[in-house]
Amino acid sequence: MPTSPETLIEARRLRDLFAAKGAQVVKADVLQPADTLLDLYGEDIRARSYLTSDPLRGEMVLRPDFTVPVVQMHMQAHADPARYTYAGKVFRKQETDETRANEYVQVGYEVFDGQNPANADAEVFAAIAEGLSDLPVRAATGDIGVLMAAVRGLRTTDDRKAALLRHIWRPGRFRALMRRFGSGQVPPARAALLAADDPFAQAGADIGLRSRKEVAARIEALRADAATAPIAAEEIALIDAILGLRETAPNVLSALRDIAVDMPAIGTAVAGLDARLDAMNAHGVDVAALEFEGSYGRTSLEYYDGFVFGFYATDRPDHPPVATGGRYDALTAQLGQGRAVPAVGGVIRPDLALGLRAC
Amino acid sequence: MDKTFDWFGARGIGLRKSGSDREYAGAVDGIDGVELVLLSAGEIPRELAAGNIHLGVTGSDLVREKLANWDARVAELAPMGFGGADLIIAVPQAWVDVATLDDLDAAAAAFRRAHGFRLRIATKYHRLVREFLREQGVADYQLVDSQGATEGTVKNETAEAIADITSTGETLRANGLKILDDGLIHASQATLFRGRRRDWTDEQRAKLKALQMVLGL
Chain A
1 MPTSPETLIE ARRLRDLFAA KGAQVVKADV LQPADTLLDL YGEDIRARSY
51 LTSDPLRGEM VLRPDFTVPV VQMHMQAHAD PARYTYAGKV FRKQETDETR
101 ANEYVQVGYE VFDGQNPANA DAEVFAAIAE GLSDLPVRAA TGDIGVLMAA
151 VRGLRTTDDR KAALLRHIWR PGRFRALMRR FGSGQVPPAR AALLAADDPF
201 AQAGADIGLR SRKEVAARIE ALRADAATAP IAAEEIALID AILGLRETAP
251 NVLSALRDIA VDMPAIGTAV AGLDARLDAM NAHGVDVAAL EFEGSYGRTS
301 LEYYDGFVFG FYATDRPDHP PVATGGRYDA LTAQLGQGRA VPAVGGVIRP
351 DLALGLRAC
Chain B
1 MDKTFDWFGA RGIGLRKSGS DREYAGAVDG IDGVELVLLS AGEIPRELAA
51 GNIHLGVTGS DLVREKLANW DARVAELAPM GFGGADLIIA VPQAWVDVAT
101 LDDLDAAAAA FRRAHGFRLR IATKYHRLVR EFLREQGVAD YQLVDSQGAT
151 EGTVKNETAE AIADITSTGE TLRANGLKIL DDGLIHASQA TLFRGRRRDW
201 TDEQRAKLKA LQMVLGL
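Line order of the protein sequences matches chains A and B.
Residue numbers for the first sequence, in the working numbering: 1 to 359.
Residue numbers for the second sequence, in the working numbering: 1 to 217.
So that you can see chain A by itself, here it is in the shape it has in the complex (with noise of 0.2 Å):
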């Protein structure tokens, strides 16, 4: 059913949907280069990729998706604004649920336009909404940006507001981080190393790539760290309200300017979501209903650090997604050393939409 042929012509259904909105049509290799795809990605995917090695061309690896190769295209054709959707198979292993398919198709719509992002962002989940516009699902969004701005507004250390950017997708880690950044407490280890007269006493031979200059910079930054004022109680609470949110965005909206308040860093991101709301209603989105949850897009790719969504079969929340999508800014500067162009987008499971049509 992944790839039947019936999943095929969805599919191309689909992309000449996305190609009349003006996308151009583009086309990926499916043996990609492993080393930039990975390190970017990270161990998790790695883990989920087809990886082979090439006498001459060293590793490669199946496409796990299609952002990867498409912001290289776009980066190399210099184009702005453009928009693109394609059509193909991308490849994950399943680790545990053997039921799920490895080979599936997707099909994608990608807005490359640093004028008006709230409506680069409408314009995406509209046309991923209209792809599945007769199907019975749900869509859940949320905004990784808000949260993010609000990590950058703790009264706090650089540091620590890039410790805590840096685990925005390890909810667990995040967690235990705001914990000791609240306590003010140094872990005992910790704290007998910063009170050594000589910290290197039982370091013992120097091996290894990680040089003594290198943990000396830590320990440093571990002095630093310990002599810093703890987060204040009333900053992780309103934290904590951001990312418990789970109401309708209008809703979401209200609540959030509220806590701009006393909170002033997420004006911005908050002004951002309101523009994003009305720019979905003009085309047709009907946000008094659209679902946001403070936390939502935590636990997926790790590159999506603005708006994000997913569309989600009606009946049936255990499924995954039929669709996923959202703003991706960083992960265009990553790749473009140093050149960012602003990137939003969304793909499409077409078999996982057939099989919703069928029932």
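I should point out that these hints are in silico values taken from the structure, not numbers from a laboratory.
Just so it is clear, CB atoms sit at the ideal spot from N, CA and C, and this is done for glycine as well.
Have a look at the derived ranges for each label pair, beta carbon to beta carbon:
(1) LYS93/A <-> ALA114/B: 27 to 37 Å
(2) GLU203/B <-> THR96/A: 27 to 37 Å
(3) THR99/A <-> ALA187/B: 26 to 36 Å
(4) PRO230/A <-> ALA50/B: 54 to 64 Å
Derived pair list, reagent style SDA-like, types lysine to any residue, alpha-carbon separation capped at 20 Å:
(5) LYS66/B <-> ARG92/A
(6) LYS155/B <-> GLU214/A
(7) LYS155/B <-> ASP206/A
(8) LYS161/A <-> ARG112/B
Simulated coverage check for chain A against chain B, where a stretch passes if three residues somewhere in it have a Cβ under 8 Å from a Cβ of chain B:
(9) 41-48
(10) 201-214
Position chain B relative to chain A; hints supplied.
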């Protein structure tokens, strides 16, 4: 193998090698209709999952590493109390700033910024290590494969840290490494497993029950 034979022997089932020392065939006394095959510990998880053998003795670490969804494919009948070894994460003793996974994660972030690639952890236990680090929320690392002499990879600068089996920690210390305080991934021991395939005959099921009676499980 000898300890496995002792364990069964103490419970009334005699296991022994048959024929010459070079042959990997065996015999079972004390119960009828049970055959003994001698396989390397690393092959037993796969053979159990495939249904080529019905019961197997191997390390609990190997089953978890080699079988995705291991508990759906085999079941633990009895931990056997020997062959204990811990799968742990170790870093250079020179990293006086790193005592916990929290430190490792922070060091990995700084390492990646400084060196332009993810901190490398050498191991042959990819699945166990990856799942552990995911649960613990450690980022900015990569696993590099090491099938032997893993303790030496840090000195050779092919990895910055290791995840490996140790029973005493002696080899680690000799190689300038130390175990993280919360770096225990799995405490392994020899374990009697059964396969969970559905195609066992009634006779085979009855035989297992009889064997479990004798063994007192």
